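Enquirer: Residue numbers (the working numbering), protein chains in the order written: chain A, 1 to 462; chain B, 1 to 238.
Just so you know, these hints were derived from the structure itself, not from any lab.
For clarity, every value in this text was computed on a predicted model and none was experimentally measured.
Backbone N, C-alpha and C define an ideal beta-carbon position, used for all residues, glycine too.
It cannot be assumed that every hint is accurate.
Non-contacting residues of chain B with respect to chain A, defined by C-beta distances greater than 10 Å in every case (computed) [to be verified]:
no.: 1; residue: SER26
no.: 2; residue: ALA78
no.: 3; residue: SER91
no.: 4; residue: VAL118
no.: 5; residue: LEU230
Just a few of them, taken from the derived set where beta-carbon distance is under 10 Å, the chain A residues facing chain B [unchecked claim]:
no.: 6; residue: PRO154
no.: 7; residue: ASN155
no.: 8; residue: MET157
no.: 9; residue: ILE159
no.: 10; residue: PHE163
no.: 11; residue: ILE256
no.: 12; residue: ILE257
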Amino acid sequence: MERFDDPYDDTRIHVTPAVIEPGHTFDSVTDKISALVLRKRTPLGWWVGLAASFVLTNMMLGTIIYLVFTGIGIWGNNQPVGWAFDIINFVWWIGIGHAGTLISAILLLLRQQWRTSINRFAEAMTLFAVACAGLFPLLHTGRPWLAYWLFPYPNTMGIQPQFRSPLMWDVFAVSTYATVSALFWYTGLVPDLATLRDRARSKFGRVVFGMMSLGWRGSARHWARYEVVYLLLAGISTPLVLSVHTIVSFDFAIGIIPGWHTPIFPPYFVAGAIYAGFAMVLTLIIPLRKFYGLEDFITDRHLRNAGKVMLATGLLVAYGYMSEAFIAWYSANKYEQFMMLNRFVGPYAFYYWSLITCNVIVPQLIWIRRVRHSHVMLFVVAMFVNVGMWLERFIIIPISLHRDFLPSSWGMYAPTIFDFTMFFGTIGFFFFLMFLFIRFLPVISIFEMRTMVPEAQIKEEA
Amino acid sequence: MQVFHRSTNTIAKVSIFGGVFIVAASLWVLAEINRSSYNTGQFIEVQQPVQFSHKHHVGDDGIDCRYCHTSVETSNTASIPPTKTCMNCHSQIWADSAYLEIVRASYRDNKPIEWTRVHDLPDYVYFNHSIHVNKGVGCASCHGRVDQMPMVYQAASLQMEWCLACHRAPERFLRPKEKITDMAWNIEADLGEGVAADPFNLLAENKAESRVKLGLQLKQEYRVRNARVLTSCSTCHR
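One chain only, chain B, in its complex shape (with noise of 0.2 Å):
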């Protein structure tokens, strides 16, 4: 007497087999959306009460980064300006602009603009900001190319692999500290007249050689610490 079907064999080899790929599908899409944007805000821009443009302030006009978040160089917060900071110059230019009046509001009325937060670590993560760009790590490097975006968003994962990504091998990134706030630094800028007299090219190939030379050189010379101090649990976890 037989209660299953003919069918029950080819189901049962499928759905056997077939599970396999199941769970090792699903896995790997749990591991998709857990470095996707939708769980990491990376790439989505954000709203702001002002609709401030880095593109136009700092690509257009290039004001220098540290014009407003002044304590970077001195402590863990870069820090959001005053809304005195603004009217310096907005209480001369578009002065009487519709657009700006939350701005002058904030002003007059000493509260400050509540600007959403766009890089927010945990708060089991320790990070200060000075040690960073002291020792040669570019506002660009994390912050990507803010000269070119009308409303910033995360440009980095600010996953863990990311940051053990340059702590691991920090003069791959490094440069030199009077170039900093400079977005569109790069190693031939650098090099400069060097690669200008090189019409073969030659010291192209060689790019990724030269940024490591002048990253360990820069390493040593900033006295950063070895990967084995800059990956230990409590540098950042403290």
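So that you can see chain A by itself, here it is in the shape it has in the complex (with noise of 0.2 Å):
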């Protein structure tokens, strides 16, 4: 307590940090973030990570060209397990994107200031998992060219599909959440590419981020739409952040299999999605901020905040974890409680008791401030979670069906090569995009981050 009184000593690490370093100004928030984008070298470890992920990405590409050609049988589910990689990457990118959705919209109507220099970043990861996410169910399928069946349109086949259908009612989620995070995070851009389009050197980069900023000229009548077409996006993306997640939790929940016809599952899904999209900021962040230079945009501050939400989200996913096991045990459900204990010690209780380590037990290290305020700690337990979050899934689906209620149609699920190369090409993808992202365009709103500084704290004289 004695530091705190102390005004001549600066290691009172009890304050929070700013959400901008000190000392910037208009121009050097708008300098050193378009300079990330219309500098004429590209750094080293930019072209090393993008070819990686392009090898990856590749490697995707080779998959779906042999899955079409040849079918969904060189993937490893078939009877019982119907449903396994596709779906849990699936499900574990959809909720990776969350994240950025809760940032960008939710933050932003609380007023959270700390939302404003990760809100481009993370709206631009919901838009790159959502891209991934809608790749599985689509191949899965088996006829991909055929997925605008899916779609209610006046058809020659004379019916409509299945609305009672929990998986129809995904297709409309899933595509509004990525229609309108789409359009929220273009119209974020909008004045950031005006600026690009102000500073760029060349004729190229001029008519390029001209064309993309949509003629925008920073005039008051500019701004005042500007304002209430955003706060309006915010608006509509706000229930998406429940909804979408509620939803992909319906195509278990409706089904009546053990360990999916739970109740619980919106909020235990929306809650992981959440904790599964702010690992997955950490996991980007971290290293960004440190190779970008970005340390005075995000500060500790941002860091600490995402690994609070992510203990909190945590802590709603282990209650979700001990409500299945303790339902399991109350219902009286042998079929239930068979399947509680299939995950304790069956086949596959290894994969269960790593969930509870990664998702449970490792996280609650962000108790202790010295692991919350490290930044190598945070991303060691954001990389936890990821692998955590993506087991959770591998729980619920492949392991709930391979012993259902018939015990001579019980089997054995085992992914092959193919499910891989599908699963860590997306992951190759997504980087990809990142790098481009980061690349081409701003990774930080300017004009949010130039709000941020002193010069624009006006205050209202009495």
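Now that you have both chains on their own, put them together as the hints suggest.
Expert: Written out as structure tokens, the structure reads:
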């Protein structure tokens, strides 16, 4: 306590760090962020990263080509485990996207200033994660060229899709989510694209950024309309944070398989999605701020807050695990009880306990201040959560399916090499898009950061 | 410094708003192509090795459908007649016609004429002629006025919406079984004297109603299953 009383002691670790380091002006913020895009020389590390992710992207494309020509039999899922890596990866990617929407929409409406420097980046993460997610159900249909059948349109078959199926709701939830996220992201980009247009040195840059900025001049009328649109989009996005993963959870909860047919699924899935999303945000911004020298804008405050959100949502998820186990016992339903027992000590028990370790035990380290304040430790915990959230879907989907009501129809599931090339391929694709994004678009919202500098803090004079 | 010409403002606005219409228009065009004869083969007369005229044989001569398509009441296919069926008559009439040399050659060599299929349903559809014919669906309901077709063409689109239009409400198309092969059958003919004795045309206004009334009666009589069963996926996709 003494340290607080000593005005000359600057080791006051209790003080919340600022959302932007002191000493920045309108100019310095604009210069620093726009220079990342407009500079002539591209860092070698970027080329290495892009090349590596491009190789993985091609692995994904190769898998897709083989899959389209051969059929989804190249994957390991087959009766009784009809859903496996494809659906796990779909849910995993969709979940990751949720942090972006939460940061950009809900934290905007809650006037959380610390969202400002990470929202652009997190929204890009959302878009790319949804792109990866969308590939899996599309390819899982087996005939992706007929995927438009999923939409209700006046067709020659004289029938409409099955609206009573949660898989249909999923189509609408995910396509709405992708559309709104893309609009929100692009709308936020327009003023920054105009800044880049004005600062671009090459004619090509001026023309491309000029077209993308849609004639933005920064007039008062533009800003007034912009603010209205942005708030409206935030309002539209906010329910999506809750609804999209709720509907994804219905894919399972509406089914009657023990381990799926659980009313806790919607909130538990939403919490898990935000948990996974913040883990991915941390996984990406900790190296990014380091390599791009963005420590001034993405400060300790952001990392700690993201860590805290991760801890809170992680506890909600842990509650979900406890509730599943409790209800299995309390229901006195032998199928539910067997399902839980099968998770604890069945053939895939290793993965269940790995899940508990990654998602429940390891994240408790964030309670410790030294862990929360260490970037390396936060990164490590986030990596555990990334793995843990994947394992969670692995536990829910194939493990519930492989032993259901009838022992005669039990079976074991094992992925094939193409399950892995597809999964790691989408990770490569995600990073490929991410690398392109950080090179060609401002990773931090320039104009919103300008509102954070002291010059912008106009005090009303009494 | 301005890199864009003033006209860019207009071009930008037009392309954004125009984009919506272009997308909508192309979707509409695609939908139209999908239902067009180009895609379905509907109304397109099919050339055959022998230009057999249904108009002449059915319309002029009055031969019943089942004289040639013998298995229509008992089998899933109506069956294409063997050359022997042609020769029943054509060994006597037009026996020297050059036009029929192909038919005679087929008969001599015991080699069937290779007719070109007109109605080709996809292989994933199970279709059975006998069930339709025995439940009161007339030939003309699906094949059109074959008695007026010099060259046979596909009268219906054969798209699934067309199948379902009847499966959802069969009463609108059913007819008495004894009128199955009657090309010209219609409700007035069946109501017969009722219409004739109606000088003020009162009944005609209720034609559609009478049609459905008769259909419902036949549906019950022939024990046609309900729409739920008829439109179940596995009724046709087995």
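Enquirer: State for each hint whether it applies.
Expert: Hints and how they fare:
1. No beta-carbon of chain A is positioned within 10 Å of the beta-carbon of SER26(B); the least distance is around 13 Å.
2. Every Cβ of chain A is farther than 10 Å from the Cβ of ALA78(B); the closest lies at roughly 24 Å, confirming the non-interface assignment.
3. Interface exclusion of SER91(B) from chain A stands, the closest Cβ pair being 46 Å apart, more than 10 Å.
4. Consistency note on VAL118(B): stated as away from chain A, and its beta-carbon is indeed over 10 Å from all of that chain's, at 19 Å minimum.
5. Interface exclusion of LEU230(B) from chain A stands, the closest Cβ pair being 13 Å apart, more than 10 Å.
6. Interface restraint check for PRO154(A): the shortest CB-CB distance to chain B comes to about 7 Å, inside 10 Å, so the restraint holds.
7. The interface hint given for ASN155(A) is met, as the beta carbon of that residue sits about 8 Å from the closest beta carbon of chain B, less than 10 Å.
8. Interface hint status for MET157(A): upheld, as the beta-carbon distance to the closest one in chain B is roughly 4 Å, under 10 Å.
9. Interface hint status for ILE159(A): upheld, as the beta-carbon distance to the closest one in chain B is roughly 7 Å, under 10 Å.
10. Annotation: PHE163(A) was flagged as interfacial toward chain B, and the flag is violated, the nearest CB pair being 16 Å apart, outside 10 Å.
11. Nearest Cβ of chain B to the Cβ of ILE256(A): about 21 Å, over the 10 Å cut. The hint is violated.
12. Using the Cβ-Cβ criterion of 10 Å, the hint placing ILE257(A) at the interface with chain B is not satisfied: the shortest such distance is roughly 22 Å.
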